[in-house]
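Chemist: Here is how the chains run, residue by residue.
There are 2 protein chains.
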Amino acid sequence: MTKNLVIGIDLGGTKIYTALANLKGEIIAEVKVPTQSALGVTGVRQNIVRTVEHLTAQAGLKGQVRAVGIGVPGPLDVKEGVVYQAPNLGWRKVPLKQLLEESLKLPVYLENDANLAAIGEHLKGAGVGVKNLIYVAVGTGIGGGLILNGQIYHGAGFGAGELGHMTIEPEGRTCNCGNKGCLETLASGSAMVQKALDLVKNGQGQNLLAATKGEPQKISPYLIAQLAAARDKEALSILKAAGTALGIGLANVINLLNPSLVILGGGALKVGLPYWEAMEKEVSRRTMQAAWQQVRLVPAGLGDRSGLYGAIALACQYETSDVCRQTF
Amino acid sequence: MTKNLVIGIDLGGTKIYTALANLKGEIIAEVKVPTQSALGVTGVRQNIVRTVEHLTAQAGLKGQVRAVGIGVPGPLDVKEGVVYQAPNLGWRKVPLKQLLEESLKLPVYLENDANLAAIGEHLKGAGVGVKNLIYVAVGTGIGGGLILNGQIYHGAGFGAGELGHMTIEPEGRTCNCGNKGCLETLASGSAMVQKALDLVKNGQGQNLLAATKGEPQKISPYLIAQLAAARDKEALSILKAAGTALGIGLANVINLLNPSLVILGGGALKVGLPYWEAMEKEVSRRTMQAAWQQVRLVPAGLGDRSGLYGAIALACQYETSDVCRQTF
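Residue numbers (this note's numbering), protein chains in the order written: chain A, 49 to 376; chain B, 49 to 376.
In short, the hints are calculated from the structure, not lab data.
Among these hints, one or two may not hold up.
As the list makes no split between identical chains, a pair holds if one copy fits it or if it spans any two.
[Said to hold, decoys possible] Taking lysine-lysine and the DSS-like style, the derived pairs with C-alpha atoms no more than 30 Å apart in a straight line are:
| hint | residue 1 | residue 2 |
| --- | --- | --- |
| 1 | LYS281 | LYS51 |
| 2 | LYS141 | LYS329 |
| 3 | LYS179 | LYS141 |
| 4 | LYS288 | LYS228 |
| 5 | LYS51 | LYS288 |
| 6 | LYS261 | LYS110 |
| 7 | LYS179 | LYS127 |
| 8 | LYS329 | LYS228 |
| 9 | LYS228 | LYS51 |
| 10 | LYS228 | LYS281 |
| 11 | LYS261 | LYS141 |
| 12 | LYS228 | LYS72 |
| 13 | LYS153 | LYS318 |
| 14 | LYS261 | LYS127 |
| 15 | LYS318 | LYS63 |
| 16 | LYS51 | LYS153 |
Given only the sequences and the hints, what does the whole structure look like? Please build it.
Modeler: This is the structure in structure tokens:
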């Protein structure tokens, strides 16, 4: 029987997003379930396996699947298929490729989730035909994937793209990574929330506090965005400061890599225009003239499916069939 | 007649360094002359042509030269051979390839000087066999060249590698490029001198002033280094602060690109150990653990000939002969 389907999985800290696709990279069916990372590796593995079984439950479909591509939130060994560390999942040294291949009886390929999002955008999204592009995911943290000379760039140990840990304020707040003043501590969703909490702690941010009915732990980037849209000055200044910090980080990357495209994705971008405008203004101020003229800054073309399409492509590209590799 | 020689030229703001080499990249003869940039494009062109004539003056040698590779200090269009801007030469939009080809009657290839130094180190120096490396030149300014996936990385408009204009202090000193707090304003040779001048202006730095016999305009990185070696605290703290700033910039690049090697070259490195040690300490503090474990920081293996060897390789590599391309 011809095997003409693949599975792509975007494994996140809160949800597992899985798709069944054909060899052109077209999604035939998809499903999104909670990750339930509290259940540990065994539980998450079971949830992944179940979504694959669910998508291939129709008669004969499973036999048509060639391979599975999966994106993981954290550094990993692409060749061995081992996840070194995934803080959002609470994982350390998990041989995910082996575990899933045992359960699924299919070849499984792993890649960093931001890299897959970069690949997805490059093949099907805002970056089609672009040789040098940077994909930046701004969510709870900040990650990135680099397409250089038309290919994903891994670096010496599959660790490239960590622009969230670029120092922006040498003596700034301590980051989870141990460094001080990382971009992530200034421009991410959690940085915005932290700034709002700091305000509340100092007796400011009364509108923010009121909007959570006095429960500051309920402050989210979306709440800050809502207040900013209603012209709350403090909320607005939080968004602008975060956008400005992101702009500094992106300017540094643009000066170093001279890309023709920067694609921004991730949940925190949904905070709206003030964040984007502050970012863009800062990038224009801090980039070399030629580099600024040669680059465009755009939102992800595939919405929250950038990583999913990348995972589908991964399942395809590692296979030896020319048809599969050439069509997607 | 078999053409089995090439010319490599490293064109700098103060000197023109030219070599005649065989197809294995071995230097047969070399010459260094003042650039005399005050003479303008015509004068510098004449100086370049004269060094080439001088090196090939022996009977029959000129007929054996295949091509000329030349490194230029500034952004340029590699394909068209046009130098966009070379501040140290006072050049803007100079069609150097065309000008030199007319005079020399030989094919001439241009490349950014830091890129050529990266190529030189990759082929003959500290980076032989290394797939992903960053070459950083610390002199009056700070420039860089990136070897990624085994090849020089140019970016969208041949502008990649500008790590001197990475923002390190968002509200710091204004750089020549217009941005504030660039790495170059904190870690370069001229940054060290500026810091010493600031001290003198504030009535401090008395040893520095004394060493110049009261002429602060004579302060140089080497003078600062001499005083630091004699344990002058202010001179030492200038070197350490500059090294620390360089470390922040390199940590950012290492986190982003996960290289296995960073090669440091350029005159300002001659200031000695305190600068290097401060740099290395800061890199170790600010890099992700895995990236730090995977990278080495080393001085250039070819001394001040990194760019010269790169220029020789350039002359070779653009030629179609397999012999030339394969041997070097």
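Chemist: Compare the structure with each hint and give your call.
Modeler: Structure-based check of all given hints:
{"no.": "1", "hint": "LYS281 with LYS51", "in the structure": "neither (57 Å within a copy, 72 Å between copies)"}
{"no.": "2", "hint": "LYS141 with LYS329", "in the structure": "between (41 Å within a copy, 28 Å between copies)"}
{"no.": "3", "hint": "LYS179 with LYS141", "in the structure": "between (33 Å within a copy, 26 Å between copies)"}
{"no.": "4", "hint": "LYS288 with LYS228", "in the structure": "both (21 Å within a copy, 19 Å between copies)"}
{"no.": "5", "hint": "LYS51 with LYS288", "in the structure": "neither (50 Å within a copy, 62 Å between copies)"}
{"no.": "6", "hint": "LYS261 with LYS110", "in the structure": "neither (50 Å within a copy, 84 Å between copies)"}
{"no.": "7", "hint": "LYS179 with LYS127", "in the structure": "both (24 Å within a copy, 17 Å between copies)"}
{"no.": "8", "hint": "LYS329 with LYS228", "in the structure": "both (25 Å within a copy, 14 Å between copies)"}
{"no.": "9", "hint": "LYS228 with LYS51", "in the structure": "neither (50 Å within a copy, 57 Å between copies)"}
{"no.": "10", "hint": "LYS228 with LYS281", "in the structure": "both (28 Å within a copy, 27 Å between copies)"}
{"no.": "11", "hint": "LYS261 with LYS141", "in the structure": "neither (42 Å within a copy, 62 Å between copies)"}
{"no.": "12", "hint": "LYS228 with LYS72", "in the structure": "neither (44 Å within a copy, 47 Å between copies)"}
{"no.": "13", "hint": "LYS153 with LYS318", "in the structure": "neither (39 Å within a copy, 59 Å between copies)"}
{"no.": "14", "hint": "LYS261 with LYS127", "in the structure": "neither (50 Å within a copy, 62 Å between copies)"}
{"no.": "15", "hint": "LYS318 with LYS63", "in the structure": "within (18 Å within a copy, 53 Å between copies)"}
{"no.": "16", "hint": "LYS51 with LYS153", "in the structure": "within (14 Å within a copy, 60 Å between copies)"}
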